[in-house]
Amino acid sequence: MDKKILIVDDEAHIRMLIGQTLEELEDEGVEFLTADNGQTALEIIQSEKPALVFLDVMMPKMNGMDVCKNVKQDMGLKDVFIIILTAKGQELDKQKGQEVGADIYMTKPFDPEVLLIKAKEVLKID
Amino acid sequence: MAKISLKNIVARKNETSQVIADLIRQLNANIWIEDGNGKILAGDQQASPVSVVPVSSDNETIGFVKGDGKAGLIANLLSQLAQKESEKKKLGTEVLSLYQEINVIFNFSEKLTQTIEPDMIAKITLEQAMHSISPNGGVIVLWDEQSKSLQVPASDGETLFNYENIRHHTSLLLKIGLSGNSEIMTDLTQLKEKNIINAEVNSLMYAAMKVKHRIMGAIILAGKEHEQFSAANLKLLVTLALQSSAGIESAMLYEKNIREVREREEAILRIHEVTKKFVPHEFIRSLGKETLTDVKLGDQVEKLVTVLFTDIRDFTTLSEKMTPEENFHFVSSFNARLGPVIRSNNGFINQYLGDSIMAIFPENPEDALRAAIGMQKAVHELNEERKQKGLPLIKAGIGMHTGTLIMGITGDEFRMDAATISDTVNTAARIESLTKYYKSPLLLSDRTLHYLHENNGFYFRHLGNVKLKGKNNLLNIVECINGFDDQQFQRKLQTLSLFNDAMSAYHEKHFENALQFFQMIASKDPDDLTSIYFLDNTKRYLREGVPHNWTGTEEMMSK
Chain A
0 MDKKILIVDD EAHIRMLIGQ TLEELEDEGV EFLTADNGQT ALEIIQSEKP
50 ALVFLDVMMP KMNGMDVCKN VKQDMGLKDV FIIILTAKGQ ELDKQKGQEV
100 GADIYMTKPF DPEVLLIKAK EVLKID
Chain B
0 MAKISLKNIV ARKNETSQVI ADLIRQLNAN IWIEDGNGKI LAGDQQASPV
50 SVVPVSSDNE TIGFVKGDGK AGLIANLLSQ LAQKESEKKK LGTEVLSLYQ
100 EINVIFNFSE KLTQTIEPDM IAKITLEQAM HSISPNGGVI VLWDEQSKSL
150 QVPASDGETL FNYENIRHHT SLLLKIGLSG NSEIMTDLTQ LKEKNIINAE
200 VNSLMYAAMK VKHRIMGAII LAGKEHEQFS AANLKLLVTL ALQSSAGIES
250 AMLYEKNIRE VREREEAILR IHEVTKKFVP HEFIRSLGKE TLTDVKLGDQ
300 VEKLVTVLFT DIRDFTTLSE KMTPEENFHF VSSFNARLGP VIRSNNGFIN
350 QYLGDSIMAI FPENPEDALR AAIGMQKAVH ELNEERKQKG LPLIKAGIGM
400 HTGTLIMGIT GDEFRMDAAT ISDTVNTAAR IESLTKYYKS PLLLSDRTLH
450 YLHENNGFYF RHLGNVKLKG KNNLLNIVEC INGFDDQQFQ RKLQTLSLFN
500 DAMSAYHEKH FENALQFFQM IASKDPDDLT SIYFLDNTKR YLREGVPHNW
550 TGTEEMMSK
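Just so you know, the protein sequences line up as chains A and B, in that order. Numbering that gives the first Met the number 0 puts the last residue of the first sequence at 125; the count rises by one with no breaks. Numbering that gives the first Met the number 0 puts the last residue of the second sequence at 558; the count rises by one with no breaks.
Treat the hints as calculated values from the structure; they're not laboratory data. Predicted model, so just to flag it, every value in this text is computed and none were measured. Beta carbons: idealized from backbone N, C-alpha and C, even for Gly. Where hints are given, some of them may not hold.
[Unchecked claim] The calculated lysine-lysine pairs, modelled on DSS-like cross-linking and capped at a C-alpha distance of 30 Å, are:
1) 87/B <-> 123/A
2) 2/A <-> 83/B
3) 110/B <-> 107/A
4) 107/A <-> 48/A
5) 123/A <-> 71/A
6) 117/A <-> 87/B
7) 470/B <-> 538/B
[Said to hold, decoys possible] Non-contacting residues of chain A with respect to chain B, defined by C-beta distances greater than 12 Å in every case (computed):
8) 65
9) 95
10) 103
11) 125
Kindly produce the complete structure, drawing on both the sequences and the hints.
Following this line, the structure appears as structure tokens:
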């Protein structure tokens, strides 16, 4: 079964950026999915069961924290690895991220290399 | 850059793949799609296709559509999609590289905020430039305003620069590196001739470090390859240079501020030290204050103190033979000898009045007495020196009185002074002037004697009452003999009871007896000028008689 990565961010250039950073994973058969709001993200997670989700916090309709809580607690999808991405310096978010069950918390601007390494680790790709 | 994969267009579970599949079906096209390696991505392979049409993106074949005549149409569509995909990827790559640059600058700024040392900022900046641009070597040169020279606070990578020559060929570097421009240099001959850079260097790029229009230095990177640096490299270097310039500027300002604050503190401390010398700390402390700045007009305190006056006897005669400058030096050296004696006995000098000193002993009269004896010793020592130099000897008179005193700050808001207002001061001064009269070097009032807790080791001679001019109260004058030199002190000690007997007889108007006693003293101690004074009086009273109401009180007609 092909592995799927969902990129959730309301900013198109961030979605493009993450996609571009992880481009080489396409050769490994990884499929990329995107969502520009929390609501859509939840629907996609429900139907596609991605292995990894990059989740922005500040988004319209439903914010990342609520999406994360929904997935991890309400849907019970504990195996979906969630990386929360948020703007630098919002340290309170970090604590909240842990509370809602996020697996990793990363700050923007993120280091693309670190992002790729992390994704490979989660998807168990060498 | 990764090639566009045909598989991602036609064989993924996405809308595009779905549309292509639908299109093929509805066209009823009998075709199949292969990738560049001949792997079938869609449709079924058949023997001998009628047409084989390549799918290309950026003029590169990424696969084929094979089958019936409709293959061309499908291939064309796929090429279009691939081209779009390629453009999207190019854009994505560009965004990624911009983002990476932002990330570099972001992290760099963060690192800069963690240091306030100019040299450290230079090192961090060069490290970042080395990491992001990968030259073979790099230096940061900074113009040091204080030493008016170029400094090299940071260098990294291979040794491609001659740091000594960087410092020496300032003008050349000023012309190129510090001109305020940033550029990739094409002509390196001059720099190589002056041996500023190594012969191996084939690429050189620098960015000026500046704040507003002031050039403070430059980051210079060297590469061994030809055309090693790109315009994007230069852009990044300029960004780093500008960021660190601001950092270095504020770090330098910070250092300067710290330095100035320290200097100001030292100046204040020096002023404080100096004011202590003008207004004694003891005076300020007596007012319950710590420093002169705490003191305000009208502050005052009343205390029981012993006031001591000392004066150089016959100073006018002495000073007539000296120039004003010699005079000043003489008084200064005299005061310099007496000051320490006063301080070491818990007293402080309240005032210098030409050749005389006024000191206050706030704790107890013993202190004043010990100081007075010490001062007399100091005068003896001074006289020993003067004797050897053939100079006239000095005589000093010391008088003291104990009583209450108001210490306070007087004056007006523009001119203030520490002042002592008390009759005790006047009386002490008057007692000091009595030393001339009684020809004794150390006199005190019986008030001082009264407040003496213990008179261990002190020997006194009571000289009788004095009525000072303008005063109603009588003052009982006492002489302390401890300050005489050893020989004289011993003699006075031996004649002490004789002296007491003589004074009793004198006051009881038994002048015959008194004469006898004083003459005996004079024969034993011919230098006892005080006894001689009373001997002369006795002779006079014997000769002229005394009034009926004579009590022995000396009336001082002059001050």
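Outcome of the hint check:
no., hint, result
1, 87/B <-> 123/A, "holds (28 Å)"
2, 2/A <-> 83/B, "holds (25 Å)"
3, 110/B <-> 107/A, "holds (16 Å)"
4, 107/A <-> 48/A, "holds (25 Å)"
5, 123/A <-> 71/A, "holds (21 Å)"
6, 117/A <-> 87/B, "holds (24 Å)"
7, 470/B <-> 538/B, "holds (28 Å)"
8, 65, "holds (27 Å)"
9, 95, "holds (23 Å)"
10, 103, "holds (18 Å)"
11, 125, "holds (18 Å)"
Against the hints set out earlier in the document, no violation occurs for any number.
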